[in-house]
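Student: What follows is the residue order along each chain.
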Amino acid sequence: MKRLALTRSPWLKAALKSRWPQFIAAALLLAGFLFVIVSGLLGTPVGSRNFGIIAVWILWWALLILAAVPLAGRGWCAVCPIPLAGDWLQRGALLGPSGRPPRGLNRRLPKALRNIWLQNGVFTLMALFSAVILTNPRVTALALAGMLAAAIGLSAVYERRAFCRAVCPVGGFIGLYAQAAPLELRVADTAVCAACASKACYNGSESGYGCPWGVFPAGLARNSTCGLCLECLRACPKDNIALNLRPFGGDLEKPAARLDEAFKAFLMLGAALAYAAILLGPWGGLKAAALAVGSPAWLAYAAAFLFICFGLLPGLFWLAVRLGQVFAAPRRRTARRSDFALAASALVPLGLMFWAAFSLSFVFANAVYVLNVFSDPLGWGWDLFGAAGLAWQPLLTSWGLPLQIGALVVGAFWAARVARRAAAQGGFHALPVTGYAFGLTLAMMGLLL
Amino acid sequence: MTLALASVALAVILIPAPAAAAPLERFFRVGAGQYAFTPASLRANPGDTITIELHSTDVTHGLYVDGYDVSAEAQPGQPAALTFIASRAGVFRLRCSVTCGTLHPFMLGRLVVGPNWTLARAAALAGLAVLAAPLTLRKAAE
Ligand code: SF4
Ligand code: SF4
Ligand SMILES: [Cu+2]
Numbered sequence: 001m002k003r004l005a006l007t008r009s010p011w012l013k014a015a016l017k018s019r020w021p022q023f024i025a026a027a028l029l030l031a032g033f034l035f036v037i038v039s040g041l042l043g044t045p046v047g048s049r050n051f052g053i054i055a056v057w058i059l060w061w062a063l064l065i066l067a068a069v070p071l072a073g074r075g076w077c078a079v080c081p082i083p084l085a086g087d088w089l090q091r092g093a094l095l096g097p098s099g100r101p102p103r104g105l106n107r108r109l110p111k112a113l114r115n116i117w118l119q120n121g122v123f124t125l126m127a128l129f130s131a132v133i134l135t136n137p138r139v140t141a142l143a144l145a146g147m148l149a150a151a152i153g154l155s156a157v158y159e160r161r162a163f164c165r166a167v168c169p170v171g172g173f174i175g176l177y178a179q180a181a182p183l184e185l186r187v188a189d190t191a192v193c194a195a196c197a198s199k200a201c202y203n204g205s206e207s208g209y210g211c212p213w214g215v216f217p218a219g220l221a222r223n224s225t226c227g228l229c230l231e232c233l234r235a236c237p238k239d240n241i242a243l244n245l246r247p248f249g250g251d252l253e254k255p256a257a258r259l260d261e262a263f264k265a266f267l268m269l270g271a272a273l274a275y276a277a278i279l280l281g282p283w284g285g286l287k288a289a290a291l292a293v294g295s296p297a298w299l300a301y302a303a304a305f306l307f308i309c310f311g312l313l314p315g316l317f318w319l320a321v322r323l324g325q326v327f328a329a330p331r332r333r334t335a336r337r338s339d340f341a342l343a344a345s346a347l348v349p350l351g352l353m354f355w356a357a358f359s360l361s362f363v364f365a366n367a368v369y370v371l372n373v374f375s376d377p378l379g380w381g382w383d384l385f386g387a388a389g390l391a392w393q394p395l396l397t398s399w400g401l402p403l404q405i406g407a408l409v410v411g412a413f414w415a416a417r418v419a420r421r422a423a424a425q426g427g428f429h430a431l432p433v434t435g436y437a438f439g440l441t442l443a444m445m446g447l448l449l
Numbered sequence: 001m002t003l004a005l006a007s008v009a010l011a012v013i014l015i016p017a018p019a020a021a022a023p024l025e026r027f028f029r030v031g032a033g034q035y036a037f038t039p040a041s042l043r044a045n046p047g048d049t050i051t052i053e054l055h056s057t058d059v060t061h062g063l064y065v066d067g068y069d070v071s072a073e074a075q076p077g078q079p080a081a082l083t084f085i086a087s088r089a090g091v092f093r094l095r096c097s098v099t100c101g102t103l104h105p106f107m108l109g110r111l112v113v114g115p116n117w118t119l120a121r122a123a124a125l126a127g128l129a130v131l132a133a134p135l136t137l138r139k140a141a142e
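First to last, the protein sequences are chains A and B.
The first sequence begins at 1 in this note's numbering and counts up one residue at a time.
The second sequence begins at 1 in this note's numbering and counts up one residue at a time.
Rather than coming from a laboratory, the hints here were simulated on the basis of the structure.
Fair warning: this is a prediction, and the values are worked out from it, not measured in the lab.
The C-beta atom is built at its ideal place from N, Cα and C for all residues, glycine as well.
Be aware that a few hints might be false.
Claimed, not checked - Part of the chain A face toward chain B, derived, beta carbon under 10 Å:
(1) L390
(2) P394
(3) G411
(4) A412
(5) M445
Stated by the list, open to error - Okay, the calculated bits of chain B under chain A, using three or more residues with CB under 8 Å as the criterion:
(6) 29-36
(7) 48-60
(8) 73-82
Just chain B, same shape as in the assembly (with noise of 0.2 Å):
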């Protein structure tokens, strides 16, 4: 039985999510305001070429784009853009980059490149640990 729920788990974290379609340009237009993002998630596929291009509604802003390490400054009334190439799939924070004011730390969107199964393995993985757990008390009784 542990063994089972061992291998279900592995196969949860380790199955690959289907192959997406080919790759794309995609340009985002976003906007920048204290403190948010909009819209606040992108969705691209792997292999796609990006184009975000910062808008910021009232101080400056930056763009950063955890996992890809790139990033662009935008002050109001001058837009900025970045691109790249987005090779790794999962899900990166999108993450103001100047302190704009006192919530800049918490100023967040995503990227989601690729299906995003992160929160489905991540469910099913809680869902098999509350599965495991009398297990353990069982065996710990014996």
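Chain A extracted, bound-state conformation (with noise of 0.2 Å):
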């Protein structure tokens, strides 16, 4: 398969492996991120009316999961703003590194956490208040203060970025949709890896921080755990570290077996269902429910939520992994239990196209809050550049279903190719597996048409 090393154009890399471009975006949205927590907690109660909430989970959301994912992977994680006091804190410094030995406990990631799974369980919690985290303001501003703390604890704990590897709830998913990216970092030449001393890469360097991922970059195989810090780049001695464009989906061509993966996915699917049918059905009951904390019909809707993610979902893909196995071709036939997470990895593209045909629903029909409250950010009465008072009018309507169904239908075709590479890699039929991708495809076109 095809690269092309962007690290190859000498201007490009000496852009790279400047720390400061990546430093100033980091510390913009740093700025941008505490003023949303500040105008979470100061300003408008109403949701539609906040600047975080707006920033958010409007505009900052669009452009994750529309742009930055599909195309960068982690491009977010490069410049996040949340483990950028952590860090100064380890480190002692800003840009490059002091030569000081790192500050803080710095202790080693547990093995147990050494996975996903605990964002799993972060997400899933988040996921079952997501209605009051998405409207109300308040909530909003401390769960991101909550992650902003988190971070800065775990880093005077662990060393590395542990807040990332192991807690971060978007991390998760960026992560495992980070596969389908047509951007990744790897080493150019694993020879030059293997006879290298300094393994500098990991270890660190005076021009660069051992991978605060905790990655040893020569094993690199797919996105889902490289943060593309560029921290390897700077530190290589032997240059030997590549930023490549490649086709979409290039983790997918060889797909890894992962259960706690595997579970993100479900767990991705299902909320992308619901959100659906939540947010955008018109059942006036289930809003309420959402929305009603505690409640017993809150309880009900979260314990069927809690079904669909680690019950239905995974229930009916063993079935469909157990009916491949069974139809497989006799000689191919091993029926290994790790089928069951490799076959999962065809859920990768479907659930990225389930989040992008979601998220176009309603990102273009509100994108006129985002004016509203970069001109009124309080919801105080100001009037920055005169578009607090724009009126309300959905924007594109007659281009949203149509991409919404161009991305479903993509996300179907390209999960029956993933499921036809994983099919052949284990030892079972893709057939089951492809019909279960078309099956909740055509679910989420009946929520969302």
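Take the two lone chains and join them into the complex the hints point to.
Tutor: See the structure below:
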């Protein structure tokens, strides 16, 4: 499969090696992040008029799921403001390595946390309260402040970026879907790494920090665990790190089989279906139940959500994979237990496209609010550039539907391709898994159209 | 094979739905309460003259019809009406157009003008895409 090394351009490489562009972006985003918290706490409690709600759940979310993740994978993680303070705490420096030993307790991340199960848990928790988080500025502010506090606290106890690797609920699905992106960081030549004594990419050197994500770049086969922070590019004395353009879905050509990621995929599919039903569906009772946290109706909703994500979707999928194993050509029939997680790689592009379709349905309809809140960020009657009073008007209404259909069709197509690849790699027939993806696509179409 | 699939896909997109019956005057009484319209789905035929009378049951709500760019606002106890000719066929979202509470942006309904083939077309396209997927792989392997 073809790769185009962006780092071959000396100009681009110098720009990537410099810490300034990344630092400036992250610092500006941190300022924005803090302002979101402030506006969430002090601004208007009306969600659609609050800067925090609109900046995060319309603007950031749209850019993340419709552009950053599909095109640049973990590109967001490269400039994310949340770990900035913790990094500084550990390193005692904002830009290049200071040469001093790292501060804080600097413990190794326990083995039990070197996976995304905890991230799945945190995401589930947030998903159960999502109707409130999405619409209540105070709650959004508290959730974001909590993430910031957790990132700082963990950086004082554990080495490297423990929050990003093990806790961040956003990072979990970005990592999963980053496998579909046409951008990757890899070593140029693994033989050079094998002969390299310093392993500066992992251990750090005076020119770069050791991988904050605890990754040894020579072992990278997938995007999920690499935060694209580019420190290894700066640290490597052999100039052996490359940032490559590649075809979409590069990591799914040889899919991996990880159960934690498989369940992340179910969780994301279940959440997309659930939100499509709750937020975009006509059922007022469902909306009320999702909002009434703690009430019996909400408990029923939470139970249904958990059942769909952790019972129904994986259960049906298990059946599909089992069927595929039974129908496999006898000479290839191996029926390995890893087939389940392997086949779940087909759900990566499917889920990404579900989220794209879901997001398209509300992002453009509510885009005018972005102009409103930037003009009057605290809802205090300001009008910074004359857009505060702009009347609400949905945008792109005639394009919304075709775009959503297009996204879902691409998702089904892509899932079918990955299912074939996974089936060839494991020992099962692809048809039942493809049928599962097609069935879910129909369900999502039914909810969205 | 690829060509055949592509032409079927094109047909799926382009085949017109059958022409509808003679235009009627249609009246809908739509209730609006946080955060749903009742009924949430309205049906009409192309050419029909549609009147929607909006009754709010709690706070002020609005009703905006995507694609037609018409709207009305109703306060509790003060119904409001809007009338328009359903000149365009298709599925159009109804949206609350007055900030009415936390889930206001998601207070939605829909208007279906003419036979609704959107879902069937979309499903057929997805089916064709799934069928086409293995072909693209074999080609890549060759
Ligand atoms: S420092 Fe460079 S050459 Fe050495 S192991 Fe790391 S990437 Fe490979
Ligand atoms: S592998 Fe390199 S770019 Fe990726 S997280 Fe580690 S240091 Fe950063
Ligand atoms: Cu309303």
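Student: State for each hint whether it applies.
Tutor: Checked hints:
Contact between L390 (chain A) and chain B, as hinted, is not supported at the beta carbon level, the nearest pair being about 13 Å apart and thus beyond 10 Å. Restraint check, P394 (chain A) versus chain B: the minimum CB separation of about 6 Å is within 10 Å; hint holds. This hint holds: G411 (chain A) has a C-beta 8 Å from the nearest C-beta of chain B, less than the 10 Å allowed. For the restraint placing A412 (chain A) at the interface with chain B, the shortest Cβ-Cβ distance is roughly 4 Å, inside the 10 Å limit, so the hint holds.
Hint status for M445 (chain A): holds, given a least beta-carbon distance of 5 Å to chain B, under 10 Å. Evaluation of the coverage hint for the stretch 29-36 of chain B: fulfilled, as 4 residues show C-beta separations to chain A shorter than 8 Å, against a requirement of three. For the stretch 48-60 of chain B, the assignment as covered by chain A is violated, since 0 residues bring a beta-carbon within under 8 Å of that chain's beta-carbons and 3 are needed. Figure legend: the stretch 73-82 of chain B, annotated as covered by chain A; annotation inconsistent (0 residues with Cβ-Cβ distances under 8 Å, at least 3 required).
When each numbered hint is compared with the structure, violations occur for hints 1, 7 and 8.
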